[in-house]
Amino acid sequence: MTRPMRATSVGVVFAVFVAGVTMLFLYFLHYPPTVAAAATGSGDEQIHLQTVPALGYGPHPTFVSYLADDNGKWVHTTMIKLKANTLVHFTIDQYDTGSTLRNSFMDQVQGTVDGTEVVNGGTPARIINDNTDNGIGHTFAVPTLGISVPMPGIASAATNVCSIAPCASSFDHNTVTFTIKTPAAGLYPWQCFVPCGLGWPYGNGGGMSTLGYMSGFLKVVA
Amino acid sequence: MTNHASRAAAVDRTDRQHMMRIGIMWLVASVIGMVLVYFVWGPHMPPGTDSNAAKVQQFDNRVLGTVAVPVMAFVWVYVSYALTNWRVKSGTPVDEVGDGPPLKGHRGFQAAWLGITSVTVISLFIFGTVELDTNAGAGTGSGQVPIFTPTGYNADAAQSKLLVVQVIGQQWRWTFRYPQYGGLETAQMVVPAGQEVQYSVTSLDVIHSFWAINLGVKADANPGVNNVAFATADKIGSVNIRCDELCGLWHGAMATSGKVVSPADFKTWVTNAQATYQQLIPFLPPYADLYLPQSDGGYYDPGQDPLPSGPPPGPASPSAIP
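Heads up: the sequence lines are chains E and A, in that order.
When we follow the working numbering, the leftmost residue of the first sequence carries the number 21, and every step to the right adds one.
When we follow the working numbering, the leftmost residue of the second sequence carries the number -14, and every step to the right adds one.
Since the hints were made in silico from the structure, they are not lab data.
It is possible that some hints are incorrect.
[What the hints assert, rightly or not] Far from chain E, by Cβ distances over 12 Å, these chain A residues were calculated:
| # | residue |
| --- | --- |
| 1 | M19 |
| 2 | V62 |
| 3 | D80 |
[Stated by the list, open to error] Chain E is nowhere near these chain A residues, computed Cβ spacing over 12 Å in every case:
| # | residue |
| --- | --- |
| 4 | V20 |
| 5 | T114 |
| 6 | E116 |
| 7 | N139 |
| 8 | R162 |
[Claimed, not checked] Cut-off 20 Å, straight-line C-alpha distance, at most; resulting in silico cross-link-like pairs (SDA-like, lysine to any residue):
| # | chain 1 | residue 1 | chain 2 | residue 2 |
| --- | --- | --- | --- | --- |
| 9 | E | K239 | A | A240 |
| 10 | A | K220 | A | A178 |
| 11 | E | K239 | A | H236 |
| 12 | E | K103 | E | I67 |
| 13 | E | K103 | E | F48 |
| 14 | E | K101 | E | Y208 |
| 15 | E | K239 | E | A74 |
| 16 | E | K239 | A | L234 |
| 17 | E | K101 | A | G167 |
| 18 | E | K239 | A | W235 |
| 19 | E | K201 | A | A172 |
| 20 | E | K239 | A | A238 |
| 21 | A | K244 | E | G166 |
| 22 | A | K40 | A | T136 |
| 23 | A | K244 | E | T164 |
For glycine and all other residues, C-beta sits at the position ideal for the given N, C-alpha and C.
Whole structure, please, built from the sequences with the hints as guidance.
Have a look at this one:
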């Protein structure tokens, strides 16, 4: 091999390597994708999420997960963009069965505008007892903002259980609504506090501690 | 030897003269450095002076920093002197560049080296032990049965004359229980100034570390362990709290703030917190030194039977606003 050919070969290999690293970097820079809350017209925003007992596809099909509604299309993500200093109305369809919480302190709704949540259109509730009925399916919690919203699980004996995401509203679920006031712009990590990592020691791993499943960021922008 | 002799001759000084010069420079640098470290930098050393534990730790840092100055000064002075005086001069023929003379045993030097280092280490050991004893562990967790305890301590939280604050870590947040106030649990830690507090630190899942930075309290939060630490906050203000043990995805976000308030404000805060969490308290398990996880995710006092599967006393779920 002549010297120019060797130089060309090395250059090509190097360029392929740099391109590969760049593509990998760009992929992870935008993964999971971000879904923005929709404006309501009154200056507020609204976001629609769902929690599923198993994603059913991807690298971790058995992981529990959140999904976000992006203009009618369910996106597997936990990256949510919100406007700063704005009232945001959350609607979360909770399709998973429940269990007790590691700490019943999070039975109480905290950090919503009136300290309450509404389950299935009923009376505003301040507490969901994790030790009775169907327990807590998942929570939506932003510890740095003092927000914690428990969502009751569906009956463990339910027969119409969604098994693959996204879940249609015809499956058994509980719909939880609440409103928060967003803080100043910034990145705020959020997570579920139910030990929902099935198959992991005390439920602490798996989807519970994986970005894009039961952990994510509120990207609050000005 | 020839090279060494030629270099020594070049500066026209004996080894004893070199050592004298180094010794004087070292002494001057040490005295200046020690004064600066203790009196100028010392008052600004972490963790500050917001509690008795923090003060002790700052004092320890000042002493240790000051003791370290002569050691550091000796290294710097000796190396600087050697580089300045014993380096090969430019223009020296290559064949005259070689090693210095070999070091041979010197009983006096060896005895001095062993003696000084032994005295230093033993002194630090005694100093550290006394410091731990005089301040009940100086803010560090001392386990379930602390060796050094302040007056009024009782292992039974209900009997303790100290204010007991149970610190509960879990992936990834802190909560705080006040057993002397009906087992109240809150998201924010508030303690009164001027009152000795017993921090009983535990975890519900993995290993965390409770670090109230400016209070000088740093205690491991281990599941199944009640790790006790003591501190009296002196200054009213905020407390910077974070986890100091890598504990998973949101370890970096496992931080919160606490407050040191006046005793009167503390009573007001407790009253308000009890009202805020009035409905929740019946749902919490009885206060216990530690909690172990049940297979279904809940936690219970290992000294009792696991929580019954039925509902605890309290309103039905979900509770409606009255």
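Structure-based check of all given hints:
Against the 12 Å criterion, M19(A) stays outside the reach of chain E, whose nearest CB is about 43 Å from its own CB. With a least beta-carbon separation of about 48 Å from chain E, V62(A) lies farther than 12 Å from that chain, consistent with its non-interface assignment. Under the 12 Å C-beta cut-off, the non-interface status given to D80(A) relative to chain E holds; the minimum distance is some 42 Å. A cut-off of 12 Å between C-beta atoms confirms that V20(A) is not in contact with chain E; the least separation is 43 Å.
Residue-level check passed: T114(A) sits 38 Å from the nearest beta carbon of chain E, beyond 12 Å. No beta-carbon of chain E is positioned within 12 Å of the beta-carbon of E116(A); the least distance is around 35 Å. Distance check for N139(A) against chain E: the nearest CB is about 25 Å away, which clears 12 Å, and the non-interface claim stands. Against the 12 Å criterion, R162(A) falls within the reach of chain E, whose nearest CB is about 9 Å from its own CB.
At most 20 Å may separate the alpha-carbon atoms for a hinted pair to count; K239(E) and A240(A) meet this at roughly 19 Å. Straight-line distance between C-alpha atoms of K220(A) and A178(A) comes to about 6 Å, which keeps the hinted pair within the 20 Å bound. Among the hinted pairs, K239(E) with H236(A) is consistent with the structure: their alpha-carbon atoms are about 19 Å apart, no more than 20 Å. This hinted pair checks out: K103(E) and I67(E) have alpha carbons roughly 12 Å apart, not beyond 20 Å.
A C-alpha spacing of about 24 Å is found between K103(E) and F48(E), which places the hinted pair above 20 Å, so the restraint is violated. Using a Cα cut-off of 20 Å, the hinted pair K101(E) and Y208(E) holds, with the two alpha carbons roughly 10 Å apart. Under the criterion of a C-alpha separation no larger than 20 Å, the hint pairing K239(E) with A74(E) is inconsistent with the structure, at around 25 Å. Restraint check: the Cα-Cα separation between K239(E) and L234(A) comes to about 17 Å, which is no more than 20 Å; the hinted pair holds.
In summary, the hint linking K101(E) to G167(A) is not supported, as the alpha carbons are separated by about 40 Å, beyond the 20 Å threshold. The straight-line distance between the Cα atoms of K239(E) and W235(A) is roughly 16 Å, inside the 20 Å bound, and the hint therefore holds. With a C-alpha separation of about 19 Å, the suggested pair K201(E) and A172(A) falls inside the 20 Å cut-off, and the hint holds. The suggested pairing of K239(E) with A238(A) holds, with an alpha-carbon distance near 15 Å, which does not exceed 20 Å.
A C-alpha spacing of about 16 Å is found between K244(A) and G166(E), which places the hinted pair at or below 20 Å, so the restraint holds. Between K40(A) and T136(A) the CA atoms are separated by roughly 19 Å; this keeps the pair inside 20 Å, and the hint holds. Distance restraint check for K244(A) and T164(E): the Cα-Cα separation of roughly 16 Å lies within the 20 Å cut-off, and the hinted pair is therefore satisfied.
Consistency note: the structure conflicts with the earlier hints numbered 8, 13, 15, 17.
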